[in-house]
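> The hints should help you fit chain B onto chain A, whose structure is shown.
2 protein chains.
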Amino acid sequence: MTDYHPTPRTRVHRRSERGVYDRDVVHKIIDEALVCHVGFVLTGEPRVLPTTILRIDEDVYIHGSTNNGLLTALAAGAPACITVTLIDSIVAGRSGFGCSMDYRSAVIYATAETVAESDKERIMDAFVQDIIPGHKVRRPTQSELDATLILRFPLGEVSAKVRDCGVVDVESDYELDLWAGIIPLKLSAGPAKSDGRLKPGTRIPDFANSYRR
Amino acid sequence: MTDYHPTPRTRVHRRSERGVYDRDVVHKIIDEALVCHVGFVLTGEPRVLPTTILRIDEDVYIHGSTNNGLLTALAAGAPACITVTLIDSIVAGRSGFGCSMDYRSAVIYATAETVAESDKERIMDAFVQDIIPGHKVRRPTQSELDATLILRFPLGEVSAKVRDCGVVDVESDYELDLWAGIIPLKLSAGPAKSDGRLKPGTRIPDFANSYRR
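For the record, the sequence lines run as chains A and B. Position one of the first sequence corresponds to residue 182 (the working numbering), numbered consecutively onward. Position one of the second sequence corresponds to residue 182 (the working numbering), numbered consecutively onward.
So that you can see chain A by itself, here it is in the shape it has in the complex (with noise of 0.2 Å):
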């Protein structure tokens, strides 16, 4: 498949070797978080909604309820910048100056459409199998699926940013007694908590023990 094309919006300008339109970067980078922050604009002002966010195929979905009047206003058609972000290391340099972090980050800028009712179900069917796979749940009621907005986002104007170089110090600075280099992050899961009222015999899972992201 081929990249994404860069736009004036999305072309990275500074530390231009970071910037990528690889399709398989971008899916990933969003495959792995959990949230991502949608900006917007409500009247003249700027907003940021976080929000959890699933990917299928060239399209990202967000939602949540139909009351919820930041949800509302995309649904309405404000354009959305949405921003995933994952933090892999702290990147202790020499100096103040080469202190950094190795990231991975996606940028989308597109406007939603509204999932049709006759395809909610499944894709709230997705949305807990991309948050926890292998989870059985019951069917959504008529009235659950009612007061639910799904939006849609498709993946036309998008680009990533990596930085996963580690230290990288001015020249002079390596001869310094000073220690470097990273610290790496990650996000660890469990031991699941059982909710108090589950019914007699009903153990955990393994997906739930063995929760990885």
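Honestly, the hints are just simulated from the structure, not real lab data. Certain hints may be false.
Same chains, same label: a pair holds when it works inside one copy or across any pair of copies.
Quick list of in silico lysine to aspartate or glutamate cross-link-like pairs, EDC-like style, CA-CA up to 20 Å [unchecked claim]: (1) K367 <-> D269; (2) K301 <-> E338; (3) K380 <-> D212; (4) K367 <-> D327; (5) K374 <-> D184; (6) K317 <-> E356; (7) K380 <-> D327; (8) K209 <-> D311; (9) K374 <-> D358; (10) K209 <-> E338; (11) K367 <-> E338; (12) K374 <-> D350; (13) K317 <-> D358; (14) K301 <-> E226.
Remember, it's a predicted structure, so these values are computed and weren't measured experimentally.
Frame of chain A; chain B shown alone:
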């Protein structure tokens, strides 16, 4: 100290029991976070900038290169919506509707003030110590300070949102033979990896091997 005052933008409408204006709660969320997402409007379009955040008393700070177009737009006075999000647990309910996350988030509406030359070194030091407590670095050079733009945002129009109630299912769902519970998440660190060009005999400092956030 008194709480922050809700404004039309920071008053939490949905599930208003989750909205908090308590300074300590807001401070702790900001202090635990490594990054924030800064939303603003650039020539009518939404932008979101992920970047490290530092709090000192009743101000938060972000920084970057003087060549960063997004940062300079903020320095020029574009109103910002700064969001900080911490995910504490995945909540696996008995329905898709009952699946959620326990989280803490804070949102700050403010306009940037540019940090004066005379204050830059102190704030840069504070960034290093905030992100890597105990890390020793050489003093910044004038050209490094000149190349760094630091923005300060006062904490005035601020709110937090906290969900920490775990599984809350529809009453009739508690009869179902389905597992439900929470999967706690945390950011874990290490082990630290030394830069390949350390001076012989430089050991990994304790702070780097016992990093916690």
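> State for each hint whether it applies.
Do the hints match the structure? See the list:
1. Taking the closest pair of Cα atoms, K367 and D269 come within 20 Å of each other both inside a single copy (7 Å) and across two copies (14 Å).
2. In this assembly of identical chains, the alpha carbons of K301 and E338 never lie at most 20 Å apart, being 25 Å within a copy and 36 Å across copies at closest.
3. In this assembly of identical chains, the alpha carbons of K380 and D212 never lie at most 20 Å apart, being 33 Å within a copy and 40 Å across copies at closest.
4. Taking the shortest alpha-carbon separations for K367 and D327, neither the intra-copy value of 37 Å nor the inter-copy value of 34 Å comes in at or below 20 Å.
5. For the identical chains of this complex, K374 and D184 are neighbours neither inside a copy (42 Å) nor across copies (33 Å), given an alpha-carbon limit of 20 Å.
6. For a Cα distance limit of 20 Å, the shortest separation of K317 from E356 across copies, 15 Å, qualifies, whereas the shortest one inside one copy, 57 Å, does not.
7. Taking the closest pair of Cα atoms, K380 and D327 never come within 20 Å of each other, the shortest separation being 29 Å inside a single copy and 64 Å across copies.
8. Within a single copy, K209 and D311 get their C-alpha atoms as close as 13 Å, which meets the 20 Å cut-off; across copies the closest is 30 Å, which misses it.
9. In this assembly of identical chains, K374 and D358 lie within 20 Å of each other by CA distance solely across copies; the values are 17 Å between and 46 Å within a copy.
10. With identical chains, the CA atoms of K209 and E338 are at most 20 Å apart within one copy only, with a shortest distance of 17 Å there and 36 Å across copies.
11. Within a single copy, K367 and E338 get their C-alpha atoms no closer than 28 Å, and across copies no closer than 32 Å, so neither meets the 20 Å cut-off.
12. When the C-alpha separation of K374 and D350 is checked against a cutoff of 20 Å, the pair qualifies only between copies, where the shortest distance is 16 Å, while the shortest distance within a copy is 44 Å.
13. For the identical chains of this complex, K317 and D358 are inter-copy neighbours only, at 10 Å across copies versus 55 Å inside a copy, given an alpha-carbon limit of 20 Å.
14. Taking the shortest alpha-carbon separations for K301 and E226, neither the intra-copy value of 30 Å nor the inter-copy value of 29 Å comes in at or below 20 Å.
This entry does not satisfy hints 2, 3, 4, 5, 7, 11 and 14, going by the numbered hints stated previously.
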